[in-house]
Each structure stands twice: as C-alpha cells, then as structure tokens.
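We have chain A; now place chain B onto it with these hints.
Residue numbers (UniProt numbering), protein chains in the order written: chain A, 1 to 630; chain B, 1 to 630.
Source of the hints: derived by calculation from the structure; they are not laboratory data.
There may be inaccurate statements among the hints.
Using C-beta positions, here's what the derived DEER-type ranges look like [as the list claims (entries may be wrong)]: (1) LEU213/B - GLU160/A: 53 to 59 angstroms; (2) VAL447/A - LEU40/B: 21 to 27 angstroms; (3) GLN67/A - LYS310/B: 50 to 56 angstroms; (4) LEU36/A - ASP520/B: 18 to 24 angstroms.
Since the structure is predicted, the reported quantities are computational estimates derived from the model, not experimental observations.
Using N, Cα and C, we set each Cβ at its ideal position, and we do this for glycine too.
Number of protein chains: 2
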Amino acid sequence: MGNADDMNPSAESYNLDATGRHRVAVPPPQPFVRSLKNTLKETFFPDDPLRQFKNQPPTRKFILGLQYVFPILEWGPRYTLQFFRADLIAGITIASLAIPQGISYAKLANLPPILGLYSSFVPALVYAVMGSSRDLAVGTVAVGSLLMASMLGNVVNIQENPKLYLHLAFTATFFTGLFEALLGIFRLGFIVDFLSHATIVGFMGGAATVVCLQQLKGILGLEHFTHATDVVSVMRSIFSQTHKSKKKPRLFWISAMAPLTSVILGSILVYLTHAEKHGVQVIGHLKKGINPPSIMDLNFDSVYLPTAIKTGIVTGVISLAEGIAVGRSFAMFKNYHIDGNKEMIAFGMMNIVGPFSRSAVNFNAGCKTAVSNIVMALSVMITLLFLTPLFHYTPLVVLSAIIIAAMLGIIDYEAAIHLWHVDKFDFLVCMSAYIGVVFANIEIGLVMAIGLSVLRVLLFVARPRTLVLGNIPDSKVYRSVDQYQNANNVPGILILEIDAPIYFANTNYLRERISRWIDDEEDKLKSSGEMVGLQYVILDLTAVANIDTSGISMLDEVKKIIDRRGLKLALANPGGEVMKKLNKAKFLETIGQEWIFLTVGEAVGACNYMLHSCNTKTTSDVSEKYSNSV
Amino acid sequence: MGNADDMNPSAESYNLDATGRHRVAVPPPQPFVRSLKNTLKETFFPDDPLRQFKNQPPTRKFILGLQYVFPILEWGPRYTLQFFRADLIAGITIASLAIPQGISYAKLANLPPILGLYSSFVPALVYAVMGSSRDLAVGTVAVGSLLMASMLGNVVNIQENPKLYLHLAFTATFFTGLFEALLGIFRLGFIVDFLSHATIVGFMGGAATVVCLQQLKGILGLEHFTHATDVVSVMRSIFSQTHKSKKKPRLFWISAMAPLTSVILGSILVYLTHAEKHGVQVIGHLKKGINPPSIMDLNFDSVYLPTAIKTGIVTGVISLAEGIAVGRSFAMFKNYHIDGNKEMIAFGMMNIVGPFSRSAVNFNAGCKTAVSNIVMALSVMITLLFLTPLFHYTPLVVLSAIIIAAMLGIIDYEAAIHLWHVDKFDFLVCMSAYIGVVFANIEIGLVMAIGLSVLRVLLFVARPRTLVLGNIPDSKVYRSVDQYQNANNVPGILILEIDAPIYFANTNYLRERISRWIDDEEDKLKSSGEMVGLQYVILDLTAVANIDTSGISMLDEVKKIIDRRGLKLALANPGGEVMKKLNKAKFLETIGQEWIFLTVGEAVGACNYMLHSCNTKTTSDVSEKYSNSV
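One chain only, chain A, in its complex shape:
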C-alpha cells in the first residue's frame, strides 16, 4: 500500500506513476519550533517591519532603528524650502479649522473651551516626530472627549462636580494613550482589523445623527448640550468633503476656511449688537496662556478607575481604527507605507497628552511633510497666547452650526446603499451599529456590530458551503454546477467541494450534509431511472486549508458511511497542511494512497476507468496496480 513513509518528497517519487496519475505530496516535515516561529511571525509581524534591517552594517542598523521610531529623522535631512512653503500654507489652513473646532468640541464635551485648543498643538508636535503618515493631521478630538462625556457622564454629574469630571476626562485620555501604545508595542494591530468598514460607516452615521440632534438644541439656544458623542467623525467628515471637492480645489479652500470665517463674522456681529446681553449664549472669558501639565490632574481613584479605563479603551480602539484607515487611504494616493502598529504607538503617545483629527484638509492643502503639523501647532499656540480674547463674543450657535455642518457630511447613506447592493450581511452589520448607537448608546452599537461580524466569521466555518461539481465542456476542469449552468454531472460519480477548513465547529454539520448529498444523488438517479447507480464519491479538498483532529475523525466516519453504502471515497487535491495531518493520523493508510488524487480530473478518470474496465466493487486489482507503482 502507498502509505505515508514512501511519500516523503524525493525527486523520483513525483514522476507520474504507471497509471499516468500525479502523486499528491506530503510536504517535507518541518521542525515544530520553526513552524511555530513562522506562525507567530505571520500573526504579529505580517508587515515584516525589520525587513530593511536585513544584512546592514551595525551603525546603519542603529540609524535605521532611530528612523524607525522617529520618522522625522528620515525626511528631516531631505527637507527643502519649497517643502516648507507648502507646509506653511497647509499648517495655517489646518489651524484655521483647528481653532474653531477645538473650541466647539471642547464645549460639546462640557470641557473648558480652552482645552480644545491645548489639545490641538501638543499632540500635533508628538505626531510630527513619531507618526508614519505625512498627511494625517492631528489635533483635537474633543469629539473623542465627546465619547468620554457620554461614558463619564454616567458616573459623574458635570454640574455637581466639574473638577472631578475634568480629571476623569484626563485620566481616560491617558488610558486611551496607554492602551494604544501597548497594542502597538505588543504588535496587536490586528485587533483593530475586526472593525469592518460596514461597522465604521454605521457607527459613525449613528453617532453623527445623535450629535446633530443635540446640536439643534444649541442652535435653538437651549440649555447646553447633553453628553452624547461620536468619535472620529470630523476627520471623516472633512475627508468626505474633500472627496467631493477633489475636482475643484479652489472651492475646497472655502470649505476649509468657512468655520473660521463664520466664527469671526459671528463674533463681530455679537460684539457690535451686544446680543450677548439679549440672551445669545457666547463662549465668554477664555484664560490666556499654556495650561499646566495635566499629569497632576490624573485621577486613579479606585471608584472611578474602571470607568476611566473602559472609556479609554473604547475611545482608543475606535480612533485607531479610523485614524489608520484614513492614514492608509492617503498612503494609497502617494504610495508610501503605513505601519499600523507604529501608528498605534504614535497615537498612544499623543493621547497620553490628547487626541487627533483633520487629515484631509492637510492633504488637500498640499502639505509635504509633518512640518505642517508643527506650523499648525505654532499657530494654535500663538492664538492661545494672544488671541483668545477675540473668542469672547463668539456665539455658541456658530459652534453648533460648525459641528452640524461637519456631522451632516458623515451620514454616508450612499455607502449604506452600496452595502445593501453588494453584501446584505455587511448592510445588516452597518444598520445594527447605526440603530444601536442612535437608539441605545455607543457601546451597545459597537458590541452589536462587532458581535455580528465575528458571528459571521464563526458561521462561515460552522456552516461551510458544499458544492456539487460538474465537468466544464471540452475541458478536464470541474466546477460548481450552480455557478456554471453548462457543467455536466459525471454518471455514477458524485463530486463534492468543501469550501472551508474542516474544524471541530463544522465536523457534525459536514457529516450530516455529505450523507444528505449522497441520499439526494441516489434518489435523483433512481427517479431518473439511470442505468448506472452511484459508485464513487469524490471530495475536492482544494478549498480545505486546514483540518484538526475532530475533522480527521469526521473523514474517518464519512469513509465508514460511504463504505457501508457500497460506494468508494476518493479525495482530490488535499493541501499541504491537510496531507501532513492525514499522514500523521494514519488516515492515508485507512483510505489508501491510491484514492488520493492531484486533481478532480484525475480522480474522475481513475473512477471511470474502474467503472468501465472491471467490476467496481472489486477495484483491488487497480488499487494493486496503483499501489505497486506508488
């Protein structure tokens, strides 16, 4: 019998055997440690970050290392004056957006408006030094703080205890940073991958809806905003705005400048008409100057710590997912590489002092390097030092308008429609996120969406599709008869393709399903009164990437079932992993090497040969012929 031992690859063992069929190889045995090493590498270092370090002199390695941690060292030396001009313009543009937005979102989060400005410039500097995206402009996510507001609001009443609230906000941000940095350092980038595009669309649409509804209050001059929130909508909103404005960059300038303009006009108007005395709410006094480091303000009180950590982690994951997505989409345009894990570390560092936003403006403002972030930071700093009094008269209505304008850009119903057309399940995920956020809250929306997405992956494995294959006319190719209407069944032979790895989660299902296919086939043949009954079952394992021990015992049982029905089981094209395990589990000997084929075509050929040459029940002679030659 062609058992496992004479299957280990050796030059001649691959030649065609006497019956002109190819050998299915068991891949060369690999030491456990090495295969483990490979697996871990693929899991945690898919982007092979140390690629560039290979065979370099130590000093070069050191420099590369520094550049890896601080990309600024890489592009810094090559920095020119034209670059600077571009960056200057870009920086100022962003600032013009950053300042009103900073104030708006701080206000939204029930934080002192001034904080919005602070958090615009420190993180920007950090990212300029550590970030790997040249276009991702960073600054306030008071929007991020909005998420906090909604979560912190549950434990602290902002009216009763504003100071505690403020400190918790700092603490949560700190944990966001810590969490992101750790994810990056431990190469857990792929956690973020579990937020699908559909999830983000639905989630942000929902958040934007909620925020808009609350802003209407602001516009109607009602009591200041409740603590609802979305996360990275601003970035996305502007991103989508610029998408629209791709064709006419002139108009883009207007949309980028609009917020600042309206703030200025609004303020002047109020100042002249003294409207603030007639009930129009204004920002009021902003204290000048840079704020003291907030390390002192961190609150690790065990009562609030869980909330702070939870808030921090949720904020972290969302902002990362979006930040990396946006950064990557720009990287696509300019063809450079974004290292997800590196990004996380950078974001983390930023968040340990405060979060980010506003890429697309930067990109469209034609920035060349992260220097634009530095310029932006400086302009904001100048504003802080000298210009804050100007905002005294800015009416809150304007801020609300700015926010709503940003939010409306986010509710991406076209994307939702696209999802419905292309992939119903993605649409379901998207909707559940949207509805969860709008009618319940952020966490529920997220959990629902992610839960569904993961469930889909599990169901894919738990309920793999099994396809009946037929022969494509004038070819030796066998394909699904559902997909190819012209594929012809082969009389007496049932060919099944299994479309997923055979794991514990689907062994029971596959056993049931395969026997059902056999029943159906035999019923069909009976009813159609075929001369030749079912004789062979061929399992095409091409799409079975892997198998576990439960899967192997399932194959064992399937073989028993098929034998008992007086049929023969053949396997077509089992992959390397599968062959390895079938070999170790001695299943190759159970089924017999001569029943394993390189292609469905060869399997069918052999079966037909036996069908027509000799009595199919005693294929021993053919088997002998095979096994001898094997």
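Positioned in the frame of chain A, the structure of chain B alone reads:
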C-alpha cells in the same frame, strides 16, 4: 469590455472564446428572499429533519410527525420477543451498575443517596419514549450534580442549609432541562459543536483527576467529599472500558457487574463485622418508596436564581455535547441516525426530572431497543421499593472505590498524545482545559478551552495562508511550491493562492502580505539576475469561498498597487459568491473581464502569450481581442 451585463448565464456565453479560454460565469441571480431562506435552512436545519415528510398523504404525515417526536411509536410495533429477551438482560445489567453508581454519585454531590436512585428511573422512562438513540442508556448523572455541587457550593453551605442546597440542586437541574429543550426546539444544536473533541478529552481528564483526588479522602475515611466535580465521565469511562473489552465480551460482564458485587460483598462484610461501630462510614438509613414530585422543591428566589441558571446551562452544554457524541458513535456502529436537536429536546425533558448515563454497558449488553431502559427503570424502582435496607451497611469506601475505578478509565492520556502528534493546537486546547479544571475550576477550564478553539477559527480567517504556486511537471496543474518540491516557478509570473475567505478581518493583512510577496519575488529575480523581470501577478481565488465589501475594496487597492509597479493583475477561478459580489461592486469592470480566468493554467497561458507575442506593457490589443470575443 466584457462587463457584468453580458455575463449572465446563457447557453452560448459559455463556449470557448476566440482565444480558446473558458468563460468564468457569474451564477444566475437569485432573489434575496430565497437565498436568505437557503442560508437559514442550512444554518438551523442542516439535517433536513422534514425530509421524510415530503410528498406524503396528510394522515401519513401525522403518523410520521408523532413518530418523529416519540420514536417509540416507530420501533414499538416491530417489537418481538427475542428483542425483549436481549433488552431484559441489558436492562438488568445496567440496573446492577445504576444502583451502586446512583448511590455513589448522590453521596458525592452531598445529596441524599436515595436521590441517585430516583433519578435513575424517571429519566430512563422519558428517554425510552423520546430519545432517538437505541443504545444510549440514561440515568443518574449525580456526576452532573457533582458539577452543581461545585458551583452551588460557592453560594450555599451544605452543612448549614442542606434543604436550600437540595432545592437549588433541583432548580439547577430544571434549568438544565429547560435550556437543553429550548436549544433543541430552536435548532441551536450547533452551539454544542463548539466543544471540540480536544476540549472534551482535556476537560474530562481534568475533572476525573480532581474527583479521584477527593475520593482518596473518602477511601482514607476522612470527612465526606468536597464539592468538586466532573460531568459525564461515567458514561465515557464505561464507554472506554467497553472499547477495551470489545475483544472479550465475557470479561465485559465482569467489569459491568463488579460495582454491584463489591457493594454486596462490602455490605455483607460490614454487617458481619459490625465495622460501622468501629469508624467505618456506611450509607446508613435509606427511606423506602418513590419520592414526591420535586416541582414543589424548585427555588426561584432571586438571590439564588442566577447561580441556578448558570449552573443549569453549564451542566446542560457539557452533558449534551458528551451525550450526543457517545450516542452518535454507537449510531456509527449500527448505522442509524442521531438527530442532535431532537436529542436535546429528549435530554431536556429528562433533565426537567434528572440526567443520564451508562450507554456503553447497554450497547455491550446487546440491547435491541430503548426497552432496556424501561427494564432498568423497573429494576431500580423495585430496588427502591423493597431493597433499600440492604444498602444500610454499604461502606462509603466501596462507593469511593467504584467512583475512582470509573474515573481512572477517563484520564485518556493516549488521546492527548495523539493530539500532540497530529495537531499541536488541539493539544494546547486539551491541556488548557485539563489544567484549567485541575488547578482552577470547571468554568475556567471550559472558558479557556472554548476561547482558544474560537480564537483558532478567528485567527484562521484573520491570518489566512498565502501560497506561491508553481507548475507541476508534464501537466497544466499549478500547486504550492512548499508542498510539491518539483513544482517550477513560471518566469515573469507570480502566482499566489489565498486560502481563506477575504473578510474585513484579513483585508489589511492580505494587502501587506501580497505586496510583500511581490517585493520578495522582485528581489529574488534581481539577485538571480533573471533576464525577464516580474510582469504578472495571478491571484488564485479557488479557496476564497466568500468576500465582503471590505475585501472588495482591498482587491481594488491591490490592483492599484500592482498597476503602479507596472505589473498586471489576473484572477483565477473566483467562485460563485465571489463573482456575484465582484459583479455587483463593478470590480469586474475595473479589472476587466479578460483578466479573469477559469484556471491558473489558462491565466498563465494568456500571460505567456502576451509576454512573448507583444510588448507586455501594452496588452491592450490582446485585451481587445479577448473582450471583443467576450
């Protein structure tokens, strides 16, 4: 351009086109509702339970329906005297095992020994009527109550409040039953599938270890047992024993009778020597008669309810998983069918009065039908009514011995070694279950094992393998060069096989990985100083069973990346689902129908044709040629 519209299947559209290549078909469009219906059917009714009802007259349908719910109606009429003789012997054999075990395990669970006997006969009757396995003998799982003991023990102190404890035990069993029945009614059988073979081996080994350690106390006559637990070990133990005893069924009788024998001998010895007066613990008084229905004793006090429910569910899942596994393995021998969901309902009904055990004995005692269960039930009932006094003098040591004997059979180290050889990850799962149970507790062990198993499924999708394909000598077949040492790379063409569905969870990884493969290939070509550089990248989508919207945009980006490098992207053999979605998402138009091939062979053929005929950079003429003919 060969866009989607002219691809809808129509007889002629499948003919070879002018260039002699086959068309890749988009499967005929299916109304959303029907495809949804199919999906749900496959998910919840994989075994097609209503199959036999198809085209039957209504009266027949009704009878079949009754038989479906109560299998006894199916075999009852065909019942003969020989059957009864076999069942009688089998029933008595089981009883001889059931009685001592019932008492032992009740004692273990700190429940009155008498309960062990009660729960041996009522469930047996239920299962006899409703169960679909002829060989699964049901009765006490005071072992199941052991699991309860450990979980209930945390909230109630048996010494202080034995009555409350007893009632909670009843309540938990009730919920076990309710949960199992619901699972079955809602066709959620597949939840049990997520307990892999590896998990069960490790879990039961661990539990058995714990129980043995505690029994030693019993043997050494220490204070009575702590509340530790395993679940279905008895069944498995006897199952494995009989496996060993397959060859010599004579000996099997001994092993089956042993417990009763030792109980009798032990009791007589104590009775004669009056050892009970000298510190040998005995069972003591057992009250005669049938116990009052325990419905009154259910305790729904909100303080204890959560624990009761939790305990019930854990017990339920485990016992189901094992019960179905064992039942199925017998069904294998005798070639009849076990309906997982129906089993659940039956088990559920049983548990609403108490759990099960002891299949293998039944099987080896050669029972013919579930009547053996009835016989067993009757014998136990007789024991209850008249023979309980005999157990007065049974020394606890004997019970401990019986338990340990059963447990030792369970620690299936051979299975663990097999796992290590065949599948390292399964071994890891098994060990984590074992260690979790031994060093922490049942729940932790389970959660660890199931968590790992699910993680594996997720990782399979999050980090799919990508394989480089080469040509198998003297064939048009392309296979992994890792598996087939003799497969030859095709100069100028990189062929990649993706081994998993392209879902949100792996899009980022695949993007990175594919570009890395391209880099590596180009480096290799450079270093080897090949004449012809890399020109084409062929993605073999055979193993890509499905794709979501994130996946499609990933393909879009990959195409951009490849175009930018001046290469050409071709797809080979996308499946029905994939073609459907690529079509809806208009990706077929982006890439061009002429770049999608039925097989890798044809793709390579076309690429080579272009490589050698015309300048590869401008393949437009060829494309035209294709698309016109398309």
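The hints, checked one at a time:
1. Between LEU213/B and GLU160/A, the C-beta spacing of about 55 angstroms keeps the proposed range 53 to 59 angstroms intact.
2. Checked against the hint of 21 to 27 angstroms, the pair VAL447/A and LEU40/B passes, with Cβ atoms roughly 23 angstroms apart.
3. Under the hint 50 to 56 angstroms, the C-beta atoms of GLN67/A and LYS310/B, about 54 angstroms apart, fit the expected range.
4. Checked against the given bound of 18 to 24 angstroms, the beta carbons of LEU36/A and ASP520/B, roughly 22 angstroms apart, stay inside it.
Violation of the numbered hints given earlier is absent; every hint is satisfied by the structure.
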